[in-house]
Structure formats: structure tokens, C-alpha cells
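Quick note, the sequences are listed as chains A and B, same order.
According to this note's numbering, the residues represented by the first sequence are 1 to 328, in order.
According to this note's numbering, the residues represented by the second sequence are 1 to 349, in order.
The hints are simulated quantities; they were obtained by calculation from the structure and are not laboratory data.
A couple of the hints might just be wrong.
[Stated by the list, open to error] Below, computed lysine-lysine pairings styled on BS3-like, alpha-carbon distance capped at 25 angstroms: (1) 53/A x 96/A; (2) 256/A x 324/A; (3) 96/A x 2/A; (4) 132/A x 30/B; (5) 121/A x 7/A; (6) 6/B x 30/B; (7) 278/B x 247/B; (8) 132/A x 247/B; (9) 6/B x 132/A; (10) 233/A x 53/A; (11) 30/B x 121/A; (12) 256/A x 2/A.
[To be verified] Sample of chain B residues with no beta-carbon within 12 angstroms of chain A, all distances over it, derived: (13) 31; (14) 39; (15) 128; (16) 272; (17) 301; (18) 305; (19) 326.
[To be verified] Covered, in the sense of this in silico footprint (three residues per stretch, anywhere, with C-beta under 8 angstroms from a C-beta of chain A), are these stretches of chain B: (20) 66 to 75; (21) 146 to 157.
All values derive from a computational prediction rather than experimental measurement.
C-beta atoms are modelled at their ideal positions from N, C-alpha and C, and glycine is treated no differently.
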Amino acid sequence: MKPLIKKLTETFSPSGYENAIREVIIEEIKDFADEIRVDALGNLIARKGSGGKKIMLAAHMDEIGIMVNHVDENGFARFSSLGGVFPQTLVGSRVKFVNGTSGVIGAHFLKRPVRLVMNNKMYVDTGATSPKNSPIQVGDVAGFERPFLDLGKRLVAKSMDDRIGVAVLIETLRELKSTPHEVYFVFTVQEEVGVRGATTSAYGVNPDIGIALDVTGADDVPEIDTKTIFLGKGPTFKFKDAGSLGDPRVIELFIKTARKNKIPYQREVATMGGTDARAIQLTHAGVPVMTLSVPCRYVHSPSEMVDYGDVQNTVKLLTKFLEKKVEL
Amino acid sequence: MLKIRKTQLNLLEKLTNAVAVSGDEGEIRKIVRAEIEGIADEIKTDAMGNLLVTKRGKGKNRLRIMLAAHMDEIGFMLVNKESDGIFQFETIGGIDPRQLAGKPILVGREKVPGVIGSAPIHLVSADERGSKIPLKSLRIDVGLGKPKVKVGDRATFATKFLRMGDSIRAKALDDRLGVAILIELLKNAPANIDLLAAFTVQEELGLRGAKIAAHALAPDLALAIDSTPAYDFPMHDGSENIRYNTKLGAGPAIYTLDGRTLSDPRIIRWLSETGDEKKIPYQYRQPGGGGTDAGSIHLSLAGIPTGSVSVPGRYAHTAMGLCRIKDWEHSLNLLHEALLNLSPKVLAR
């Protein structure tokens, strides 16, 4: 899976501009799905199986980024964040625009980086010297540039959130030989700006069960007193976060599947955050949901780290889950 | 190209002088209905009060496009009668309490004149003068013997429309400019599309009317037509103003990102290419917060490709705004030309 993860994480597709990653995914799945379509907002929806329970699996294909809001008289581009960007991760970052332009983020002589984005004090330097010769203008969008890094057991890249979920879905679709269900592998758009793609794709799919595939913050690092989520201890089943409560019946099914197949898992209770499950649960007359997460360190930084074993276990677990009939 | 002439100015005068605080949009609905009766194929007021107007085109492969302009405006609601003629009130929609003291207002459907009162300078200590006046220290005062003024009544600023040469000063330019443009587009609707006009309610309270309007109309694509702030003053210290949102005189503002919507890139391209081709000036609104009806439209049903176009206006959400007639005209023409040139190709990925 490593070459796939590299390819996915090195593609630039910030929220609302998911064309590039969608093309990459279509290429990877076209021989494995029974049907593929793209909806009005750009969600990529691949179906496998038909007639059984409609299970929607959602992994978002967008990533956090920035959008230019002004090119000043000396050619420096001021910007707004696209999704939850931590200002302290920005200074010295390199960015790549959807139109191909590269640039670096400057804020060299300023202190207190936390306040910088709000105050429009940081800027992208593309080498331009005036608005006239600037290769970018107001409204142009960029992602963070950082190559994929294979540390053996651990993998590091930008946009592991949520390309690792995308990789899990692709691999599961390939592994899944047959299923009694009608499974929808949905690669959603605009999750980072408020689970928007999941809102509309869930309406379109109208599933019986919804599973969001995402990363969750691993806190097994220094300077954290109470550690709860660990790399290498398996995927997490989310009981709650700020956006949804995992349906107890769905969680139970996953626990059973994990035990039966001797796959490690972690129980997760989060106070913050939200995933596509938040949108899926409230569509039509309501949908039982759960979030299945791959633990990830340094989420929303340009160097997000996951454990390769966790990734493989997530694929294995999800494949096993989809092979069997389920009753709620 | 379409022109803003006396007829259009008179209509905007009528629209901005009318009172339609969110949730009580009847007066605007009536004006709009009168303007478009006889033009439209279908006119309907829905359960929340949205006025939904259909103007069908001719020929094959017509896209169904929803254009939304909100009828409501910000204002106040009386919440407690303290003594004869004196009321505590709440704001409806986003209003900065610092803008309020001393403003003349109109209360209720009868438009009873009143004033927003606060302590006079004589009774304010020197150190209090620099601080802001919170809403709880302000009152609406309509004078004695007004039994018709009751708790629950709405109120808004009593500003009258004024033409100032190239500019217009009025209340509620947000979004009567959009309403005026949408009426004009209905009157000049191109035949290559089905135009689904939604004059929406309760935008200022969270894009509520547009949500159900989009659900009912189920269009192929949509645009919100609104007015957005211009804060395009020179900086006091001579430095470059980098947070203007939009600039007066620079034409319609095309949205890329606001607090509620990432405009569909295909729609941004369609609008800007139309502007380039037809030599209609336009600007990109600075990405930032805020929101238009697009915010609820694009998330309706299984998703609707949506964008927004606004006429820039100074001093939005205060007693009076100021806009340029040319920006209004260019906005109308950008939209009109874009509609003329709308085909399924626009939505190709």
C-alpha cells in the first residue's frame, strides 16, 4: 500500500478543489467498482454489490490549505486558511497552488505566530514583485508541500488526514471479493470546511448504515499527561466526538468483528472534532453511524504520522465487516 | 447591455423605503409580485414566505438555474414594555450596538416613528464616553399614547432613499439591490434557460428561507445575488489597505470563499470569463467570513453547484449604506450576460 499512500498524499487537492485527487482515485478503483459516479458537488461515489443493506463508507479526499485574499503592491500574497490550519505550523512552509505555482510562507520578523493569520500578517512569497507579475491572484488555492516519508513502521506525509482513509477505502474495495451488501465507497469533498460533501452525498446515497473513515489525533507523545490514543494499537471505534455519537449497535458489530479476527482496536471517546459521520447521521430520516479512525500524530500539520500496521489492520477489519451480513 | 434608468431607480427607492425585517417580508413580497405579474409562468408563496417565480425558456437542454435574492433586512424586535412608549429590544440579524444610539426608526407594520435612545452626554462621565454602549442600555422610544406598538413588533431604521449623483444612500441595500436585479433579470430572462427566481426570507437569521426554496426548486445550479461590504478607505497611516473585502467602483464581486460556501470553481470561471469577454468589470470578493443564501442552497438535496455575486456597498448593516449606480448596473449585466451564455458546458468537469 505504500506506493498508493505516497501517490495520494503527494497530490494537491484542498477543499473545494478536489479535481486532481478525484482523478487519481478513479484511476485506482475503476476496475474494482460496479458503478462510479461524481455528484453535483464533486463527491466520488463507487458502488460494489447490490440489493443488500446500503452501507456508506465515507473518506474525505480534500485537505486543508490556504486561499489568497490579497496580492499587495510588492507582490506578496496575503491569505485566509481553508479548513483548520494551525498558524504555528506555517512559518517556513512551502505551498503549492492548484495552478502549479509554488511559494513559501513568510512571517520572519513577526512574533506570536498564533495571531498572525487572523491579522493577515503572514504572506506567501512566490517571487513576484507586483500584482501585475504575480502568478496568483485573489481566490487562488494552495496546499502544503511536503514529500511522503517512509520510516518503515511509521509513515509521514502532509494530508494523511484523510488520504489514509482514502487509501483504506481503495484497498478495501480491491480486497473485497464479494459482499451481501450494497456498499458505497464515497470519497467526499469539503470535509475540512464543515462536512459539506458528506451532507449532500449521504442525501444522494440514502444509506442504512454510515461509516466515516478518518484519522484521529494520537496523543502518545511527550508533554501529554493522560495518553489515550496510541499509534500501533489498532484502529479506533469512536463512541463520541463533538459532531456525532457512534451508534452502539454498529460499534458492537465492529468489536465482534475485531475480536473474531484477532485485530487490535482502541475505544475512543473524543471531546472535540467531528467527521463525515456528523452529516451522514442527520440525512433523510436518520442513519446509524460510526467513525472508524486510523490514529495519527500531528494532525493538521504538514507532517502527519500514522502506523503502517494500523493502516493494514483497518483494511482487514473493514473488509471482514463488509463480507458478513449485519443485523442491527 | 441593460441600463439602470429612472424606472429602475424608482423601483429601488420603493424597495429600500419599504420595511421587511426578517420574518415579516410581506411588504417586499407585494412589491415584487406586482412587478413580475404577467411576466412569469408561475408565482408561488411557500410555507415560510419565500416568493418562488418560474420563467421558462424555450428549446432543448435548458438548464434550470435558481437565482436567490433575500427580501428581508436587519432590524429590531420589541421584547419588553418598560413604561408608556419605552421598550427594551433585541436585534434581528447582525447589528453592531455601537451604531444605534440616536437613530430614528419605524416601528411595526403601521410604521410608527420612534428613536433609539441612550443617556445624553450631560449624564455620561468622562471615562464612560470612550466605551461602547451595550444593547441593554438602549431603548426604543415611540412617545406617549401609541397603543398599537406592542411587544413582538419589529422595527427598522427610518432612512429614506437618496440619490447622490453617481451613488445611492439608503437603508437595506443589502439586499434590495439583489431583489431589484432579480426583478430585472426576470423581465429580461434569456430563452436558453429556465429561470427559477427565489425571493427569500430570513437570510439575515441564517439563510433559512433559501434552504427550503432550494429543496423545492431542485435546480441544476444556483447563484445568490446579494450586497457585500466595501471597506475600501485609504489607511490612516498611508500603508496599503489589505482588508477591504470589496471596493466601490470595481464592479460586481464574485465570491470564492466565505464563511458558509466554497463557490463552485466552474461557476467562478463561468462568471469571470463572461466578464472578460463582455468587458464588464468585476472583482473577486476577498475570501473571508460572512455568508449568502448560497450557504444553504449548495448543501440542499444531493448537492447544487452554487456561487454568489454581490454589489459592493459601504456601511452594510447600519442605518444607511452607500453604493455606486455603476456597480449595480455592471452586476446586472454580468449576470444577464452570464445567463445568456449558460449551457451544460459550464458544468462540465
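Hints breached by this structure | 1, 4, 5, 9, 10, 11, 12, 16, 17, 18, 20, 21
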